[in-house]
Amino acid sequence: MTCQELTDFIMAYLDRELDDETRRSFERHMAVCPSCVAFVRSYEQTVRLGKQAFDCPPDQPAERHAPEDLVKAIIEATKGAMTPHHHN
Amino acid sequence: MTRPKSDPAIMYPRARGPRPAFVHRRVTSRLDRHRRPAQYSEGLADVSAILVGSGDRRRRSRRATMSPTELNERTAPSRADPIGVPSPDDSSAFDAPEFLDRLRSADRAISGPAFEALVREAMPRMLAVARKFLPEENDACDAVQDAFLSAYKALASFAGDSRLTTWLHRITVNACLMKLRTRKRRPEVKIDDLMPRFDPTGHHEKLPAFWNEPPSAGIEHGEMMKSVRSCIQRLPDDFREVVIMRDIEGIDTATTASLLAISESAVKTRLHRARLALRTMMDEHTSKSGALMTDDRIGGDRRGRGASSSPPRGASPEVMDSPLAAPGESPRTPRTGVRFPEGRTNQ
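One line per chain: the protein sequences are A and B, in this order. Counted from 1, the first sequence has number 78 at position 78 by the working numbering; the numbering is strictly sequential. So the number in the working numbering is just where the residue sits in the second sequence, counting from 1, plus 1000.
The following block holds chain A by itself, in its conformation from the complex (with noise of 0.2 Å):
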């Protein structure tokens, strides 16, 4: 397996949907390639900073309370739009 071909089955690996084969092939090259335990491990931080980039403070206002003109605007807007019927 060379390193272009392990970057393809990163995911895979990671997800543990890997034969067995294509993934002792796999460790094998991890075991003796820095170029690709790096290579994997800054695709890991990449997944987890990923995460958490749109984490907010939970209480940061913004993310707290509706914009009134918007919750308006939607109240409005329903006015016009066909009312929920019970189907029951």
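Hints in this document: simulated from the structure, not taken from any laboratory. Values in this document were obtained by computation on a predicted structure and should not be read as measured data. A few of these clues could be false.
Straight line, CA to CA, 25 Å or less: simulated SDA-like cross-link-like pairs of lysine to any residue [claimed, not checked]:
1. A:K72 x B:F1099
2. A:K51 x B:A1254
3. A:K72 x B:D1101
4. A:K51 x B:S1258
5. A:K79 x B:G1112
6. A:K51 x B:D1237
7. A:K79 x B:E1116
8. A:K51 x B:I1191
9. A:K51 x B:I1262
10. A:K51 x B:E1136
11. A:K79 x B:E1098
12. B:K1268 x A:F9
13. B:K1190 x B:S1263
14. A:K51 x B:L1271
15. A:K72 x B:V1189
16. A:K51 x B:S1216
17. B:K1206 x A:M11
18. A:K79 x B:A1156
19. A:K79 x B:P1124
20. A:K51 x B:R1229
21. B:K1268 x A:D20
22. A:K79 x A:P67
23. B:K1268 x A:E17
24. B:K1268 x A:H29
25. B:K1206 x A:E5
26. A:K51 x B:D1192
27. B:K1190 x A:M11
28. A:K51 x B:T1280
29. B:K1268 x A:M11
30. B:K1268 x A:K79
31. A:K51 x B:P1215
32. A:K51 x B:P1196
33. B:K1206 x B:L1271
34. A:K51 x B:E1137
35. B:K1226 x B:L1271
36. A:K51 x B:M1195
37. A:K51 x B:F1099
38. B:K1184 x B:I1262
39. A:K51 x B:V1189
Following the hints, put chain B in place on chain A, whose structure we already have.
Quick look at chain B alone, frame taken from chain A:
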């Protein structure tokens, strides 16, 4: 109306005859600045029907079929007020059957206050979701408004087998996807330009560096998160939306595939390429700022060709801690950690 073969199912599954259009009126000038009339199908019979996309000038429509996925469950205790409108900090009460009955009431004196309470409760989270897809505030507000109107019209068909907030989340994501399809296209980087490069023998052209663990708090952390958001926003839309749905919003692969009307394997391919592209951008960004990068690029003449038996800096020879591992999780947990096999074997 003839459906083009290339657009399988402009899927209005239960609609018959020409697709009716509903152009809703909007009342604030600020919100009107960048908007186009939105179309909705009417007479929808179930939740999936309101998730049908329209107005895709590029290529596709989409349909959500799905069994509901619980997203970001809240567990606040139920405390409805005397008139049956839950307090703003009590999201679970919005799932109470009594509240749903109020929402669906044909009597506006009953359904109006209930719906307004729902809007006030759910909007902050829906706006936060929309802003991830649509960095322009007007676009995000448009999408949220569209989502609420779609939800309002489909309330009668809400089966109640998922949480109301989960249902709204799905509708919001779909509204954002529709907005992405109809807004003016922005210049995009080519994803291929952000893929890692390899020499003819399959080795890295540019030797990867280990990244430092990013700061976990403070100004530096905030700056780091800002730069990560910037990188995500630079991704082409097709890839950005998959990253947001899968990695950030935690929507599963099957649901993402359904919402995007692509195969699950296509979702996985896009997600992997998007992550690789993000890694490239973050690598470039941080190598300039030094925010993440160590100065210890692998190698010199080793060039990562598997010639070295010594472990790289930052990785244990036996096991590498997974940066994705949960706090306290064993680094040997195979789920995310890259584990060196015991007894190294040269290839």
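### Task
May I ask which of the numbered hints given earlier this structure violates, with the numbers listed in increasing order?
15, 30, 37
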